[in-house]
Amino acid sequence: MIRALASLAALLLCAAILVIGPGTTGPAWAADVLASTHDGYGRMVFRWDVPVRYSVEIRGDTLVAEFDEPVAPDVIMVPVRLSDYIEGVALSNGKRTVSMPLKDDFTLRVFTLGNGVVIDLRGGPSIEEPPAPPPAETAQPAPEEPGPIRVRTGKHDGFQRIVFDWPRPVEHNLVADGDRLSLRFDRRARLVVDPIRDDLPAGFMDVSSSVTSDGSIFALRVPEGATARTYMAGPKVVMDITIPPEPPQNADAGDTGGDEPVEGEETGEQVAAADAPDAVEPAPVEPDTVPDANAEAEPDADAAPPPEPDEAPAATEDMAAQTEPEPVQADASDAAALDEPPAAPSADRDTSPMTGAENAGSDPNARSDAATTEPPARNEAAFAPIAEGGPTLTPGAEDAMAERLAESVRAAGDQGGAEDGIAVVSLGFSWDLPTAAAVFRRAGYLWVVFDRFQEVDLSLLRRSGAGVVRSVEQVRIGPSSTLVRMTTAPGYNPSLRRDGLLWVVDLMRRPLRPERPIRIQAQEESPVGARLLLPVVEGGRVVPVRDPELGDQFFVLPLIQLGHGVYPERTFPELIMPVTAQGIVVIPLSDRIQMRSSRSGGEITAEGGLILSPDTARLETLSSLGEGALKEVFDIPGWRRESEDKSYYETLNEMRQAVAIAPEGRRPEARLELARFHFANGYAPEALGVLRTIAEEEPALVNTPAFRALRGATQFMMNRDGEAVDDLSHPSLDDIDEAAFWRAAAQSRMGRAGLQAAILEVTGGVLENYPPDVRIPLSLVAANAAIEAGDDLTANTFLEAARDPEFNTTHDEAAIQYLEGKLLATTGAFEAAIAAWREAEAGHSRRHAAMARRDRLDMEYRLDLIDTEQLINGLESLRFAWRGGAFEYDLLKELGALYLEEERYGDALRTLRLAASYFQDRPGSEELMATMRQVFDTLFLDGAANDMAPLTAIALFDEFRELTPTGNKGDEMIRRLADRLVSVDLLDPAAALLERQIRYRLRGLDRAKVGARLALVYLLNRQPSNALEALEKTRFAPLPERLERQRRHLRARGLADTDDPEAAIALLENDPTEDARVLRAEIHWRDHNWAEAARALGELVPPPPEGDATLVEKDAFRLIDWATALTLAGDETAVSLLRQRYLDALAGTPFRDAFDLVTATPESGVIDIASVGGKIRQAEKFRSYLTAYRDRLRDERLSAIN
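Count the sequence shown with mature numbering (1 follows the signal peptide of the UniProt record, and there is no 0) and you get residues -30 to -1, 1 to 1172, in order.
Honestly, I wouldn't trust all of these hints.
[As the list claims (entries may be wrong)] Across the chosen pairs, the derived CB separations fall in these ranges:
| id | residue 1 | residue 2 | range |
| --- | --- | --- | --- |
| 1 | 1012 | 942 | 15 to 25 Å |
| 2 | 914 | 1012 | 31 to 41 Å |
| 3 | 816 | 27 | 40 to 50 Å |
| 4 | 63 | 470 | 19 to 29 Å |
| 5 | 559 | 816 | 45 to 55 Å |
| 6 | 460 | 519 | 13 to 23 Å |
| 7 | 839 | 10 | 49 to 59 Å |
| 8 | 559 | 693 | 43 to 53 Å |
| 9 | 436 | 470 | 21 to 31 Å |
| 10 | 1103 | 919 | 52 to 62 Å |
| 11 | 893 | 470 | 40 to 50 Å |
Since the hints were derived computationally from the structure, they do not count as laboratory data. Fair warning: this is a prediction, and the values are worked out from it, not measured in the lab. Glycine included, C-beta positions come from ideal geometry on N, C-alpha and C.
Hey, can you work out the whole structure from these sequences and the hints?
In structure tokens:
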């Protein structure tokens, strides 16, 4: 029996291989990326083997393209070929997201062609000569005339499939309205639905199709409770409608298997729906028959006989051939996709344990039980089309054979299997921190490995896995990892899911394979030799494991990414990578094998490089551009001309003589050899001098790849990165990988190093042949770029290439220590990073010591090991440790930000001004000026300066006066600051501030207003001449009456203070206002014209109040002034009358005694003037015009006077 089963398995495997063909199932990596310039636009084409979903948009000044499959490494050459459009390229999200900073504003146009996505950037430079016609695959397809599209249907167990045979991919949208489904296509075509009407089962009604102005519509009614979904299979659109199962009529209903299949119609196992509201859709079912290998590779969803020759469907393929310039050939993958039933939700979407009913379809013994479940409640949302992706492709031939073999074993009466009725068991592993996992089979055991340690509750696992798990044990493999091994019933394999930090291993009858196979990259050339790259994110720690049974040691790399594993098994000369359900397993066949893990993936290396077969390297390498080895233009070891018989200087003299005696036609080539000799031996300035001579004497040689590459590399070695980029971007070097590496290295030193990391990674193999004095500095630049891009794996590779104890200088050692600290910090090893930076600080490189100290201080601050003040003091000590370049610029920026955080605005503005003035040409300097203006606004517009001492505030304003904004905003700043200065009696700085405002900023009415304020400030400061001058130079007409009167009063007071009372009184003539009367009284009082003063004051005092009321304070003061003036004028009668009228009005007030004193009659009957004068000095002094203003300014702002 076993031999028969083995033979059957072999036959099934062979048949499946013939149908599906060679190859493995994996992500649809882009076959290539094309880029070219055209007249007025630049074009990029991303092409895959299958259609992909995509999103392309311009965010700010960056083009961002997101695909659901990785792009090819060729994308790093796009900035080279579109140098007028794109500045650089960065990859993220597993190389599914491409970010390209743009050099200008362009218009975006995106369309698809076959399996390609075409991106045009319009608005670029014109090309003098028209470009050659674009290749057929990049031309936009001509619009199709409405033609027939064949529609087919087929009945499957549990669902009905309808296939629309579009000749090329088409966008579509599924809409549900009650029991009616509408499938809308965005292309006009006649959907031939007549042949399928009679083939649809009961409950499917009102099938129709229509053509609209912008597309086509297919509609039908479906049975109650049915759900639908659509997906793409090549260019074809497939709609699966899941039909709710009906309760069986008798107990044997589940054994009948339903109706016999129609000829040409595939059959499958019954898939039962669960009665839970969130029941999953049916899992994929393998077909029971294997198609003939020679059959046409076309999706078979048919349940109806082939159409007659005169029917419309027969013309579908001919019509497609006429209207579609690039017909898509159907292949085996189309057939696999279209013959697959609706896929179950992925494990990472369904976090609830699956019940036996939900998976009854995977066990034939459970069909009867599953058939008795009640149909689920109708879910309208189930009709909505899926948002991303399509169904998982049908597993390969090996999986089909394994499933059928397991079925045969069960049918043969395997008594050692799982208990009847068990379709799935779930084993949970709970963690309190994010933990990576690996799950695989080895030596008869199912292994579950985590990269953290915990004691596992084995009894709970035994209870959870009862009926499937036969034995389980925990094996100690180290203090920081967990290994659980178990044996299971035959045919049961794991499927993984996560619920928060909980890992769930579901054991069910299914083949062993991951949901997302990892694309293993074989890199034949790298700075550390040949290696294997494992492009995964969120990789855990590498766990070395020794097999207790076999005794050998292997490596396990657990992953946090759900469902990522190895499939199929990969074999290399020095290692094996078996199939896993989760994670990566490496079984070394050599003691040289090493495995590393980082945030950006895993790396498998060996001392001296891995041994990779040529075929594997050629087919799987993704790190080199194009096909074959990297293209190089430098032969630095050969250019050195090292010889044991000759010294450097002897060789140099010989080459100089060769230049001197060379014929005129060969002299440029001789000079070029001399320049190469200088460059290769580290004499870049001398090499550049020779190259300048060549450029002057032989201009035609300048545009050759050899000259441009050498001059660009020479400029790089002299730290002239801009000139290096110019030379290395010459069109003659577009396809030279070595030039691309040097160019990316120069650009990374100019800023935004992370954008160049991808180019440096894929072209880094050129370093392998460089001597140490060239390889080491280039490796350090590339390592820094990789760290900036978050590519830990590549950073480690370049750091390894830079380590050479025999040749490393003290500067190199400090640089390596600094970069190691930087790399450790990005991976979360903060304490180790601080230790590495301290070693760099103790080194002999001033530059890297300063950089290490700055990064260490920043890290200690983020870890709360030092406070802000300590950080500021530490950074201030570095101000002169290393001057110039990005270090000083970034240091000043950081100090400025810290000062702002501490509200030390003066220090912040001074520091930011240094950065902006020293580095005017550096990108971002304008942002510093914008920050300074914002701080200035915060101080003098938002009121932050109110917390400063007034003198400090005005000093800071004067120091950074150039930041005062123009227009009303700046005027408001000055107004507020002047108000504050006057309020604290700082009149001189307030006057200076207002003088500048009226001189440089104001015109017209606003100038007249501020001129009045300035005049008042001068009068308060006893500078009447300046007040009159301010009023004179701010004259304007016409003025509002109130402002004109205010300015006249101020002028009168100024004239009075400059000993011209007559002119002052003349200005106030016929002015009945209160301010004018006060001024007249004040001017006469100061001029000792008591009679006129008394007359003016008499106009200000109201009549005595009636009854018991008393005078208010202001009127009481004026009454005393009036009585005083009358007394000093000797008008005894008027004083007596005044006393009689007002003495009672002052009863009970503090002013009565003073008034009584001033108005009292002497006993002799004659007033003693001298005695009265002494008493008056004891009374309240005369309240002048300016006194009233002073009182107002205590409560109001200066700007409130007008």
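Q. Among all the numbered hints in the text so far, which are the ones the structure does not match?
A. none
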